[in-house]
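Engineer: Below are the chains, spelled out letter by letter.
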Amino acid sequence: MSETLQHIVIVFGILFGLLTLAAGLIWIERRLLGVWQNRYGPNRVGPLGIFIVLADMIKIFFKEDWIPPFADKKVFVIAPTIIMFVVLMSWAVVPVAPGVVVLDLNVGILFFLAMSSIGIYSTVLAGWASNNKYSLLGGLRMSAQMFSYEVFMGLSLMGVVIMAGSFNLTDIVNAQKNMWFVVPQFLGFIIFFIAGLAESHRLPFDMPEAESELIAGFHSEYSGMKFGMFFVGEYVGVTLISAFIVTLFFGGWHGPVLPPFVWFFLKMMFFICLFVLLRAALPRPRYDQLLSYGWKILLPLALLNIVVTGGLVLAFE
Amino acid sequence: MNNSLPIVKDLKEKFGDTHILEQQTRDEFPTVWVPAAHSKDVLRYLKYSIDRPYKMLYDLTAIDERVRYYRDGQPPSDCTVVYHLLSFERNEDIRVKIPLRENSLALPSIVDIFPVANWYEREVWDMFGIKFDGHPNLRRILMPPTWKGHPLRKDHPARATEMGPFQLPEEKQEHEQRALQFKPEEWGLERQSEDSDFMFLNIGPQHPGTHGVLRVILQLDGEEIIDAIPDIGYHHRGAEKMAERQSWHTFIPYTDRIDYLGGVMNNFAYVLAVEKLAGIEVPDRVKVIRIMLSELFRIASHLVWYGTFAQDVGQMSPVFYMFTDREKILAVIEAVCGDRMHPNWFRIGGLAQDLPNGWEKLVQDVLDTMNKNLNEYHKIVMKNRILKARTVDIGAITLDEAIEWGVTGPMLRACGLEWDFRKKRPYSGYDQFEFDIPTATKGDCYDRAVVRIEEIRQSLRIIEQCMKNMPEGYYKSDHPLTTPPRKAGTMKDIETLITHFLSVSWGPVMPAGEAFFGIEATKGNNGYYLVSDKNTISYRTRIRTPSFPHMQIIPLMSNGTTVPDLLAILGSIDFVLADVDR
Numbered sequence: 012m013s014e015t016l017q018h019i020v021i022v023f024g025i026l027f028g029l030l031t032l033a034a035g036l037i038w039i040e041r042r043l044l045g046v047w048q049n050r051y052g053p054n055r056v057g058p059l060g061i062f063i064v065l066a067d068m069i070k071i072f073f074k075e076d077w078i079p080p081f082a083d084k085k086v087f088v089i090a091p092t093i094i095m096f097v098v099l100m101s102w103a104v105v106p107v108a109p110g111v112v113v114l115d116l117n118v119g120i121l122f123f124l125a126m127s128s129i130g131i132y133s134t135v136l137a138g139w140a141s142n143n144k145y146s147l148l149g150g151l152r153m154s155a156q157m158f159s160y161e162v163f164m165g166l167s168l169m170g171v172v173i174m175a176g177s178f179n180l181t182d183i184v185n186a187q188k189n190m191w192f193v194v195p196q197f198l199g200f201i202i203f204f205i206a207g208l209a210e211s212h213r214l215p216f217d218m219p220e221a222e223s224e225l226i227a228g229f230h231s232e233y234s235g236m237k238f239g240m241f242f243v244g245e246y247v248g249v250t251l252i253s254a255f256i257v258t259l260f261f262g263g264w265h266g267p268v269l270p271p272f273v274w275f276f277l278k279m280m281f282f283i284c285l286f287v288l289l290r291a292a293l294p295r296p297r298y299d300q301l302l303s304y305g306w307k308i309l310l311p312l313a314l315l316n317i318v319v320t321g322g323l324v325l326a327f328e
Numbered sequence: 009m010n011n012s013l014p015i016v017k018d019l020k021e022k023f024g025d026t027h028i029l030e031q032q033t034r035d036e037f038p039t040v041w042v043p044a045a046h047s048k049d050v051l052r053y054l055k056y057s058i059d060r061p062y063k064m065l066y067d068l069t070a071i072d073e074r075v076r077y078y079r080d081g082q083p084p085s086d087c088t089v090v091y092h093l094l095s096f097e098r099n100e101d102i103r104v105k106i107p108l109r110e111n112s113l114a115l116p117s118i119v120d121i122f123p124v125a126n127w128y129e130r131e132v133w134d135m136f137g138i139k140f141d142g143h144p145n146l147r148r149i150l151m152p153p154t155w156k157g158h159p160l161r162k163d164h165p166a167r168a169t170e171m172g173p174f175q176l177p178e179e180k181q182e183h184e185q186r187a188l189q190f191k192p193e194e195w196g197l198e199r200q201s202e203d204s205d206f207m208f209l210n211i212g213p214q215h216p217g218t219h220g221v222l223r224v225i226l227q228l229d230g231e232e233i234i235d236a237i238p239d240i241g242y243h244h245r246g247a248e249k250m251a252e253r254q255s256w257h258t259f260i261p262y263t264d265r266i267d268y269l270g271g272v273m274n275n276f277a278y279v280l281a282v283e284k285l286a287g288i289e290v291p292d293r294v295k296v297i298r299i300m301l302s303e304l305f306r307i308a309s310h311l312v313w314y315g316t317f318a319q320d321v322g323q324m325s326p327v328f329y330m331f332t333d334r335e336k337i338l339a340v341i342e343a344v345c346g347d348r349m350h351p352n353w354f355r356i357g358g359l360a361q362d363l364p365n366g367w368e369k370l371v372q373d374v375l376d377t378m379n380k381n382l383n384e385y386h387k388i389v390m391k392n393r394i395l396k397a398r399t400v401d402i403g404a405i406t407l408d409e410a411i412e413w414g415v416t417g418p419m420l421r422a423c424g425l426e427w428d429f430r431k432k433r434p435y436s437g438y439d440q441f442e443f444d445i446p447t448a449t450k451g452d453c454y455d456r457a458v459v460r461i462e463e464i465r466q467s468l469r470i471i472e473q474c475m476k477n478m479p480e481g482y483y484k485s486d487h488p489l490t491t492p493p494r495k496a497g498t499m500k501d502i503e504t505l506i507t508h509f510l511s512v513s514w515g516p517v518m519p520a521g522e523a524f525f526g527i528e529a530t531k532g533n534n535g536y537y538l539v540s541d542k543n544t545i546s547y548r549t550r551i552r553t554p555s556f557p558h559m560q561i562i563p564l565m566s567n568g569t570t571v572p573d574l575l576a577i578l579g580s581i582d583f584v585l586a587d588v589d590r
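Top line first, the protein sequences correspond to chains A and B.
First residue of the first sequence: 12, per the numbering used here; consecutive thereafter.
First residue of the second sequence: 9, per the numbering used here; consecutive thereafter.
Think of the hints as simulated: they come from the structure by calculation, not from any bench.
Keep in mind that the hints are not guaranteed to be accurate.
As the list claims (entries may be wrong) - For the chain B half of the interface with chain A, some residues (derived, Cβ under 7 Å), not all of them:
1) 209
2) 321
3) 323
4) 324
5) 325
6) 482
7) 575
Said to hold, decoys possible - Derived DSS-like pairs (lysine-lysine); straight-line CA-CA distance at most 27 Å:
8) B:55 <-> B:20
9) B:20 <-> A:307
10) B:17 <-> B:55
11) B:396 <-> A:307
12) A:144 <-> B:191
13) A:84 <-> A:70
14) B:396 <-> B:369
Predicted model, so just to flag it, every value in this text is computed and none were measured.
Beta carbons: idealized from backbone N, C-alpha and C, even for Gly.
Same shape as in the complex, but just chain A (with noise of 0.2 Å):
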């Protein structure tokens, strides 16, 4: 097999598997809430209701696609695939198994911050676009959040870059061989975990859909394939953020017996399982609470573990 055959493949291979799983996670979030809510989540069509997905699929694509006439046109349609393009980019950095990469870029963890700060765009447009008030206070409540977790996002992986000494992806989990990094990392893992929350903003981080307040926020007015968009790209979302806590600090492909691309998928299912949890069980902060919280909490301890790990690694050098 040539190069770029196998390039190609892997290319379409991780796209597929992933669209699949967004898929699928329509599914398994609704069954896992149920599970968690004394009922029973979709379990009519198909074996325990997994077909849902092409229910929902075919729901989706057959909805009219309306536009609503006093929202700002072409930016009201750009917004929601500006999500997916920016959390499908991000995948392509992720290292699923030794060599079984889109893009080994040296620069992985730098591309992955740049493609989320992109991300925010689509939420604040949409939100503007709209032309609602709702939807103008889902963006609002968007931006102000995403750009304050951003900042310490950024740093709590620095504590790992320092341990690795770079930026790739796949060098990380190399360096992870022994131990992973959420043993002398552990602070950095929780400001990463929770800022990575903040970032896909679900439950309890979704002051910008917060549904019981801003209807559906920044969407209210998206429908079909549009509102799809926005959908699939959270759950794009949340197993990007799932797939960087494993590759960063719970070593990523490393793990005995089982083949090097089971034991991603395992761990970055069990992130996303604890995602749903979180989901089911957490009240939503105010979102001034969620703003001091980070910057009165979050950054300082950012800060405090870059400077403790830089400080033990130059004096073990």
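Given chain A's structure and the hints, the job is docking chain B onto it.
Structural biologist: Frame of chain A, contents of chain B only:
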């Protein structure tokens, strides 16, 4: 005439015998007629100057007297405005009536004495067309702004068929649509301040956070609420007007739909008022069964509140747990009443049926699961730190404010006043039960939650006592006005047969008079003020609901907070829109 009531004597001394006229009512509340010119002075005196004052304006309504026949000893009046005041220190009520003639339907507004009168006066204006001079914003509150006429007047049709076919020509449509347009100035809202333009946000009438068709107009600076104005009336169904067409008996199902989470609790207040009017004493078994069912409904209602309250602050799961538990309670209610939300099960002088065989097991089931589950819910909801951060010190009101604004029920108790009709004026034998009145101190969203959850536990205690001490006996009273009456004697003597026949075919004829009965319902004090003109139907039925005044303090609680806080506040009030609008 019983002139010994000290408060009436006091008033007569102060304002002169000629101005104060006493009226006897079936509920034995002191009731005085005061000429319109003195109305404000009397009310001011009762609130400020008297010893142990009447601090709460409990209710304000009117009666269209034009076709009333039996009103001996009452001064001439076409439309009577009725003020109902409550004194916590005395544990007494007083009713002040103002006679008005058709050509001068106006009174001075008392908003400056009782702020809660604001909405009540608007309601009276809306329903009877009585003007209140000096009212800051006298506009319709329940009916649409374009409505013609005043519905609770006797000459206003009660049915659509009496009003001719509905038509909507183009001019009318445009007129209606213009009336719907939002103009901030009409609501007394500024469009901008010195340094910012305000955003106006409609929360509702269709919104997942308002629990029904409620509209709150928000004046926002960023997400900070400058002013919040609740707009009600979307759920108005004219229950009070319907009462003037239904027989005493057939109005019972309508009461179910007032506070639709409270079920028999609505029947309870109505039936007790009718029984007071008729002078019916019910057997002990009836009393205990009524209490048991009411407490089951109290728990069911509080569970709905518990779940949705958690949901309003963003917690997704609790509502499913609470509804699962509520389902168990509804199963008992279904087994007993045959229906779940609208049981329509209490009757004048008794109940629709006796308890079914095996009811103890069902009730025991509820007691077992609830006692266990409540602890778990406490852990996942009340101990959650995010929830605490969202609700502690949010939407707090002081006890004085609460009394000033007519707040009753758990919200009043959360401010620290131990006031519960079940203890203070035990009805239906509540004095025979052991239970506590939970209170809290801060009056914020969290404290309201604490009070309600403790109330669930107390209700469980009451139910357990009901179960253990259920008296034997018949489920109806022997009184001839009991509806439907007992049939046992009908085949033996003609008198009983005739009464039975009339009572079943026409419905019972209640003696002329007036009676109010208030009970501690799920959301606060629910009361029915009935005026009988010795007929098969009520002459006037006034439904005093707790949610109506609670709705009015939303601005007080939410101004200066943010949009998410407003939702937490709305969740903590525990209102039902049908209970607000009737």
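Engineer: Decide, hint by hint, whether the structure agrees.
Structural biologist: Right, here's what the structure says about each hint:
1. 209: Holds: closest Cβ of chain A sits about 5 Å from residue 209 of chain B, inside 7 Å.
2. 321: 5 Å, holds
3. 323: Holds - the Cβ of residue 323 of chain B comes within 7 Å of chain A, reaching about 4 Å at its closest.
4. 324: 6 Å, holds
5. 325: 5 Å, holds
6. 482: Violated. Min distance 41 Å.
7. 575: Holds, because the Cβ-Cβ distance from residue 575 of chain B to chain A comes to roughly 5 Å (cut-off 7 Å).
8. B:55 <-> B:20: 16 Å, holds
9. B:20 <-> A:307: 66 Å, violated
10. B:17 <-> B:55: 17 Å, holds
11. B:396 <-> A:307: This hinted pair holds, its Cα atoms lying about 19 Å apart.
12. A:144 <-> B:191: 17 Å, holds
13. A:84 <-> A:70: The hint holds at about 23 Å.
14. B:396 <-> B:369: Given that 27 Å is the threshold and the Cα spacing comes to 37 Å, the pair is violated.
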